[in-house]
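With chain F's structure known, arrange chain Y on it following the hints.
Each chain is listed here by its residues.
Protein chains: 2
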Amino acid sequence: MRRSLPSLEQFVQGIRASDRVLLGQAITLAESAREDHQEISREIIRQLLLQTDASQAPALRIAVTGAPGVGKSTFIEALGMYLVEGGKRPAVLAIDPSSAISGGSILGDKTRMERLSASEKAFIRPSPSGDSLGGVARKTREAILLVEAAGFDTVIVETVGVGQSEIAAQRMTDLFLLLLLPGAGDELQGIKRGIVEMADLLVVNKSDGERVKLANQARAHYLNAAHLFPPKPSAWTPRVMACSALENTGIVELWASIQEFKDHVMHNGFFQENRRQQAQYWLEDALEAGLKAKFFKHPGVQAKLAELEPEVLAGRMSPTDAAARVIGLLVIG
Amino acid sequence: MRRSLPSLEQFVQGIRASDRVLLGQAITLAESAREDHQEISREIIRQLLLQTDASQAPALRIAVTGAPGVGKSTFIEALGMYLVEGGKRPAVLAIDPSSAISGGSILGDKTRMERLSASEKAFIRPSPSGDSLGGVARKTREAILLVEAAGFDTVIVETVGVGQSEIAAQRMTDLFLLLLLPGAGDELQGIKRGIVEMADLLVVNKSDGERVKLANQARAHYLNAAHLFPPKPSAWTPRVMACSALENTGIVELWASIQEFKDHVMHNGFFQENRRQQAQYWLEDALEAGLKAKFFKHPGVQAKLAELEPEVLAGRMSPTDAAARVIGLLVIG
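Top line first, the protein sequences correspond to chains F and Y. Each residue of the first sequence is one higher than the one before, counting from 1 in the working numbering. Each residue of the second sequence is one higher than the one before, counting from 1 in the working numbering.
Isolated chain F, as found in the complex (with noise of 0.2 Å):
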């Protein structure tokens, strides 16, 4: 039995009253690769946004990273309990391209979670999968926007920490924190160069027991290494603290920290501008995504190539007098 999907106005005032079953169905649609699901996707995210209130405080984006081991799980859980006892509604999100092949999302195990999971004010979301990187990242991107529309007020991006894929939460997110294992200098930790310097907040996780002098030492050596790093376009300097999720110490600190950067960000105009600029990214990375993917399956464009690639291939006619046959196929009404 296929049920009928909900209509678009079932959609657009089940998400704006918070229906966690009506946001993940709407989750789904836009991560579904089927054209009609893409279809109602934007439509209901085109009605969340008209219908939102302007005036209205904006959520804060945090991207958080940090190579696997370092305890992103319950870190994620010890901040999102916190926020969600002090009356906030985080939700969590995550990008991971390694999930479509290995099968497991980096959130796909929501026992990680287990309190986080189960609180009514909190809204987990495993990574969607998609071919590449970039197919992930938009997904996400858009699930951001239904999350946000659904009342959320603190999203957490998620990454694995070892790549490409903090670019584009980077590129998502207001605010980059970092997490770091005590002791272990960068390249022990598994920490892509450059990936340092995004930071907003370096932050020494599992700071316990016999980990306290390591964890210190790890702060320092970040503390000392974060004098070095360029100045950032939003004039934050970047802060290196240490807390321990496990035991729940630090997490006061860190959220203060993290209001202080907002307020930062939010006076000096570069919250603002940030929103902005990504937006710009985003446009010509989904208009560049979308014309490719429309011309490329069209089944003339496919039969024009079937028909050049191979004089192509041989050598007989160049690339660029092919591509230009192809692309005459082109018009634009």
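Heads up, some of the hints might be wrong.
Since the list gives no way to pick one copy over another, a pair counts as held whenever it fits inside one copy or between any two copies.
[Said to hold, decoys possible] Restricting the straight-line Cα-Cα distance to at most 20 Å, the calculated cross-link-like pairs of lysine to any residue (SDA-like) are:
| id | residue 1 | residue 2 |
| --- | --- | --- |
| 1 | Lys232 | Ser119 |
| 2 | Lys304 | Arg276 |
| 3 | Lys121 | Pro58 |
| 4 | Lys88 | Thr52 |
Simulated from the structure, these hints should not be mistaken for lab results.
Frame of chain F; chain Y shown alone:
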């Protein structure tokens, strides 16, 4: 007074007869940003490829790179003159994306290859200018087809040796030759990571006078390093040699190695397979660049974008929604 262009027939016949003026003009058309020039250029190349005798031995395309100061011009002059004296016809092209910015291309100053420039048997062309490496590389690739149609049998593509242009050069050549300085290691030579591993031939230049000892040290160092390179798809083991372009020593041995490389890859089929893969790459590259250029330059698309972009930047419309509306203008005929 504006002279009219030679006819298509004049271009094709002239280039096949090695008319250097018409060859130069045809390259200028290939480099032009004007669509009508591009169209003539594609037609010239199309006719030339159709008239190419498939049984004729293909020209050998050689990428030559190395850090500034390594003596690329002197080396290319020495190798080129050796080829001319042996009855070969070398053409020298360049990929230098910085030439648009600095105003001076690496080959702009022909006096740096005084003897080769004066030779009837050789052809030297400075780097095309362009706003992007992609554009510069595409133009150089068209120039390769033109000089080959004019009968030049050895095409040397020179790059600046410090970045992405080496990858573009490798994608349009059969052999990658890296010039090295006596003594200094990779880092000191300013060679980017990964470039050394790309080389089929590593040539320590300036092995003359007091530098012979240092050159031998460098050769030993790179011989050791070459053992650690990952195996190449060509199944060719990189060679490390020394030469002095100034004293004209080592050039004979170098050319013998180049011939051995060519025999090796012709015999095991890599030469042909690599050319096919390169053609595939450049076809995709030209399709993508051409599609974007045609679509985004269209007044209707620009008008639609001008209408929707402010909505996206203000956060009132999602990038995906706006992109879908713009792409809706695309029709395939």
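Checked hints:
| no. | hint | verdict |
| --- | --- | --- |
| 1 | Lys232 x Ser119 | neither (36 Å within a copy, 54 Å between copies) |
| 2 | Lys304 x Arg276 | between (39 Å within a copy, 19 Å between copies) |
| 3 | Lys121 x Pro58 | within (18 Å within a copy, 69 Å between copies) |
| 4 | Lys88 x Thr52 | within (19 Å within a copy, 72 Å between copies) |
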